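Enquirer: Just so you know, we're using the UniProt record's numbering here: the sequence shown kicks off at 1 and counts up by one.
Calculated from the structure, these hints are not laboratory results. Wrong hints could be hidden among the right ones.
[Said to hold, decoys possible] Derived BS3-like pairs (lysine-lysine); straight-line CA-CA distance at most 27 Å: (1) 323 to 261; (2) 451 to 321; (3) 507 to 531; (4) 991 to 1008; (5) 313 to 323; (6) 642 to 1041; (7) 321 to 261.
Note that the coordinates shown come from a computational prediction; the quantities given were computed from them, not determined experimentally.
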Amino acid sequence: MAWGKNRRGSSASASSAPRPSSSGGRRRPPGEPTEQDIARSIQQSAVRVRVTLQLAADSPSLRDVLAAFERDLEARRGPAVSRSLDVRVALLECGLSSWQQLVELQRVVAALKRPSQPQHQQLAAKTTLRHDAKYDEWRLALGFARESEDALWAFASSLMLRLKSGGVPARVLLPPHRLTLLLASAFVEMGEREVGEYRWEGRQTWRQVVVEGVGEQREEIQRVLLRGNSASVEDPLAGLRYPELVPVVDDMLNGNKDARKPVVVILRGIPGSGKSTLGREIAVICRERGVALTACSADFFFETPRGYVFDVKKLGAAHSKCKGDFTRAVRGDMPRSQGGGKQRRPHQHVVLVDNTSTQRWEYEPYEEIARSSGCRVHIMEMKCPDVLIAYRMGQRNSHGVPPDKVFELARLTANPLSDGEVGGVTYIGLFLDEDAQQKMLAEIPLVHPNKQADHVTLFYRPNKQYTRDAELGTSFTVRGVEVVQDERGQTLRVELDEQLPLQVRNKIPHITMSVKDGVSASYSNELLDSKVVTRTTIDPPIELTARVGAALFVQNQRVITTSSPFAGEENVSSKTSPICSRLFILYVNESDIMDCAAEDTAKLLWRAQVHHHLGSQSNGRRMLCVQRTQASASPSLTVLLKRLQDQFLLDPSSHFDDVMEIHHPCSFPEFECAISKYLARCDTINQVKVVTTQEELMQTTEEASETQRPLQNAELSIIRVGLQGNGVQTIALLAPACSTISSVLDLMGVSIDEESRSVNFGGMRALADAWSHIFGADDQQAVRRIDTTLSGLRSSVVELCLTVPSETALIEVAELEAKLSSALERKQSVHCVVGSCVPGQFYFNLRNLSSYTPVFCVRIASRQNDSDDTNTAAQLQLCEQHLRTSREVCDIEAYSVLTALLRAILLGRCGDLLPSSCRLSSLINLVAEGLVLSYLGSICGADSRPTAEDVTSGRIIFALYGLLIYLSTLCSEGWTAALGDSILALQGNEKAQKTWRNVLANVVQDCKSVLVSNRCAEEGLQEASLLDPHDHLRVFMLLMKPDINEASGVTPVRRSIEVSSRSTWSQLHSLAGCDKLRHVAAMVLPQDDDDDCNGDSTEFFFCAPSLVARRVDVAASSLAVVHRVIEKLHALEDAGSDGALCFGEFVLRSETDVVGDEEGLADLN
1 MAWGKNRRGS SASASSAPRP SSSGGRRRPP GEPTEQDIAR SIQQSAVRVR
51 VTLQLAADSP SLRDVLAAFE RDLEARRGPA VSRSLDVRVA LLECGLSSWQ
101 QLVELQRVVA ALKRPSQPQH QQLAAKTTLR HDAKYDEWRL ALGFARESED
151 ALWAFASSLM LRLKSGGVPA RVLLPPHRLT LLLASAFVEM GEREVGEYRW
201 EGRQTWRQVV VEGVGEQREE IQRVLLRGNS ASVEDPLAGL RYPELVPVVD
251 DMLNGNKDAR KPVVVILRGI PGSGKSTLGR EIAVICRERG VALTACSADF
301 FFETPRGYVF DVKKLGAAHS KCKGDFTRAV RGDMPRSQGG GKQRRPHQHV
351 VLVDNTSTQR WEYEPYEEIA RSSGCRVHIM EMKCPDVLIA YRMGQRNSHG
401 VPPDKVFELA RLTANPLSDG EVGGVTYIGL FLDEDAQQKM LAEIPLVHPN
451 KQADHVTLFY RPNKQYTRDA ELGTSFTVRG VEVVQDERGQ TLRVELDEQL
501 PLQVRNKIPH ITMSVKDGVS ASYSNELLDS KVVTRTTIDP PIELTARVGA
551 ALFVQNQRVI TTSSPFAGEE NVSSKTSPIC SRLFILYVNE SDIMDCAAED
601 TAKLLWRAQV HHHLGSQSNG RRMLCVQRTQ ASASPSLTVL LKRLQDQFLL
651 DPSSHFDDVM EIHHPCSFPE FECAISKYLA RCDTINQVKV VTTQEELMQT
701 TEEASETQRP LQNAELSIIR VGLQGNGVQT IALLAPACST ISSVLDLMGV
751 SIDEESRSVN FGGMRALADA WSHIFGADDQ QAVRRIDTTL SGLRSSVVEL
801 CLTVPSETAL IEVAELEAKL SSALERKQSV HCVVGSCVPG QFYFNLRNLS
851 SYTPVFCVRI ASRQNDSDDT NTAAQLQLCE QHLRTSREVC DIEAYSVLTA
901 LLRAILLGRC GDLLPSSCRL SSLINLVAEG LVLSYLGSIC GADSRPTAED
951 VTSGRIIFAL YGLLIYLSTL CSEGWTAALG DSILALQGNE KAQKTWRNVL
1001 ANVVQDCKSV LVSNRCAEEG LQEASLLDPH DHLRVFMLLM KPDINEASGV
1051 TPVRRSIEVS SRSTWSQLHS LAGCDKLRHV AAMVLPQDDD DDCNGDSTEF
1101 FFCAPSLVAR RVDVAASSLA VVHRVIEKLH ALEDAGSDGA LCFGEFVLRS
1151 ETDVVGDEEG LADLN
């Protein structure tokens, strides 16, 4: 188990626990900052923000009092009153110095809920009106009851600890003693009778939390509508996060032979691993079973009415009290919490111990006390799958409360290893498992006392890019061929798997077997070079299995990990778990998209916020809302979507499930009603997050009625992102710093990162596991990526080839496809599987927590090259060829970064109408690789080629400029030679190849013009070396700027097919639908017998998935062609002759109007 949860599990407090009136005065662990340190840090931060709680009276009488006071006495409104006359309480002040802290603050605040204790659901308050003689004014103020003050303090303290755990400095603004809010003040004379008219006493309800900038403008950054009290659930067990816990607890209860003795459950695990959440769910199960439960924890000692207040010097007393409570509970001397379920078991009792207990001696006394009392003991350990995850939990739980469900939050870094989030990487290697070590030691006895015999070092102190290219946990074969030894050391020389994508930076690959006392393991390098040693050849070689791993230096200790930091995330969201759906909404104004000319760094800030709030596709839904203007020449939705991708720098794999167009100014209540109608067709949604450019939406949210809200049972957070001239100026200071070239590429999502690499490998592993289940043997090499050789390259569609035995017949391929689909659907990590009309092809995606959610396209191919699918075989051979050549021509780090950069430029500029025998995005990947290899091969001398050091230093950007200048000099024959026969064959016939040459030539010429105008094309690139990273960011964004003209030189008719919302549809269905449309178009359009993919006919038909999953963009030579294809599609689906995916109801949209069924259109909107 590795579930990140709330560290503090109960609100119970001990009578002897500390009860300070404020946060001051408590003792802290060594090194923890004081209140003065935190205040100084906030004051020195780039942006200061305030977190405010907005209350609402249980009746409108307080608003009436305030309105009358202002009207009658011409009073000035105080800072504690909102525009809608609601009361606001300033809770915290926070300091932000980076966009990461901004996103962390937004995420934590978005997860806030009202207090769960019934007595704290409403806050008792009353007004006071006093005369200030010093200023001769009457002041109307609001005071709170002591219990209500404590509730506010507990809420603010908990929020402060959560932010502190996330690295955001914060301090509580509430006064330590009496909380009095100034509502209004007036310079008038008043009698006793008039004073009584402005008295009010009642209760205030928790309503909204507002994050705003500190200053005169008080710009709102975020507004959270606190979730209302949900109705009681008929079956509380159905809402458990861990439903598999129910039979475990039942077994504990049923296995207790003596019902008079309590069942003892001891939880152990590092902070944040999920112990407290597990304990709460055990309590729910016991309550439903009618079983009493007593919880014991040292944390309870530090719980006060004003929140959790830790004092390190009282930790011993806390554990002593916990042990005393436990002793009394097992002996029956302590009150129990009675079960309230339908099944009454009054004599059964569960005693739960919730402490860290990472060492046995920590929980052993509880075990001894329980056994001596005749109790049955169960120890539940929360295990972490990886040291990196364990360390993150520790960071987020340093006496602070982290956000709930740590693993369900988007990460702020996609490179925890290479960025040093945990510790420095000492080396990357191939690590032997226990079986492989035993096999090796059985063949090769050790001759020296200090045993090593565990790994092959690939790269000692690797650079960042090498670490990102290494997929931890991937298995490869290592062959031991020779034993080399002398009186100081013993080593095994090895040969590595040819499929290993990593270059070996050790001179001679080897496994250090053993060394003499006082001799370092690095002596093996000298041993292998020495001529005065004993060498023994191993014939036949020993074949060993090893996994790629990393040696980390964490807290002065070396730690070995052979699993990716992102591995196992798919298990967090179980297919059998109750639905916990989220809805992400990007709400933009048409004018903001079309007229925005923001700075490049501002775009990076928008991208960072949208990317990290987007969330996983498998854990929720994504919607795009566009506020249309009233202009007559309004652009089409297709144009808007393209501009949206440009403005927010959206990832290629980022897409939305639906789009909603709003044609008139919309207040928040109207917007919420429209969203609720959409949600009526979806699964249960309990969390809605809106990222918007609309200031009006934030303002009208303040006036939303609590009782009339259709989404009052869902957590709703609205986050405003700023656009130039119409945005939040406060957070503009947090734009990502472009300090290095590497940081620029990371922020743009262009470079290869650990997260995307891990997700891509996860898809390959899922398919390999399904194939092994069917094939009956583990054949990891049967699955290959064929759209690129760079495993970590981000792509909306990742193409995988599964090579099956050559004797597999075509009819068997169809059966195999069905079996594979079934096996994948049963896998925990797979979210969805959709078939295609293309034989031997289907799609699937993963269930993970990453916002990067590519679709995996699987092609089944025979091991023989004479397969009917020549394109698959050609792509597979081309990838193998590129992989071999790239290893020889330069450092793999330089090759991968150059390819990623050129590919981003080509994707942005080439358009979507280029002919292709295979998937266009895959062909662009392979074209980029081929052109990079051609450029590197043209450089005379290996010393002149880019190196891994150039990637580290950032000089790789100059290699990109040189690559573009080189390509701009190519003639027609040069392009043919640079691309190579294999790529030309994938482009199509001679006409298609000519189109490609013309497009590529135009693209690189335009890029050269950009370089010349920005002083990046001079001889030796001397001028470019004077530019700072911010300038290079601007140049690169110009290089990859999408071309609004048709790159292929044709002007097509564009349409969009929108599928009805009544149909189950996703991005996978859109891809399968495109396959079907191409298949239908091939039946309708005339084909050339010599080339059935790219004939010489002037008629053409293209289609591709849109940014919105329910839309498929279509481009054709004429409207008649579109109508012919659609008519043929209708005929096929009506006849039912095609067993593949069915479009069902859809409408056909043009650039300016709608052609099709009006009723279907209404259903879409």
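Enquirer: Does each hint hold? Answer for all of them.
Expert: Going through the hints against the structure:
This hinted pair checks out: residue 323 and residue 261 have alpha carbons roughly 18 Å apart, not beyond 27 Å. About 47 Å separates the Cα atoms of residue 451 and residue 321, which puts this hinted pair outside 27 Å; it is violated. For a cut-off of 27 Å, the pair hint linking residue 507 to residue 531 stands: about 16 Å separates their Cα positions. Restraint check for residue 991 and residue 1008: satisfied, since their Cα atoms lie roughly 26 Å apart, inside the 27 Å limit.
Between residue 313 and residue 323 the alpha-carbon distance is near 17 Å, which keeps this suggested pair within the 27 Å criterion. For a cut-off of 27 Å, the pair hint linking residue 642 to residue 1041 stands: about 11 Å separates their Cα positions. Using a Cα cut-off of 27 Å, the hinted pair residue 321 and residue 261 holds, with the two alpha carbons roughly 22 Å apart.
Violated hints amount to a single one, hint 2; each of the other numbered hints is respected by the structure.
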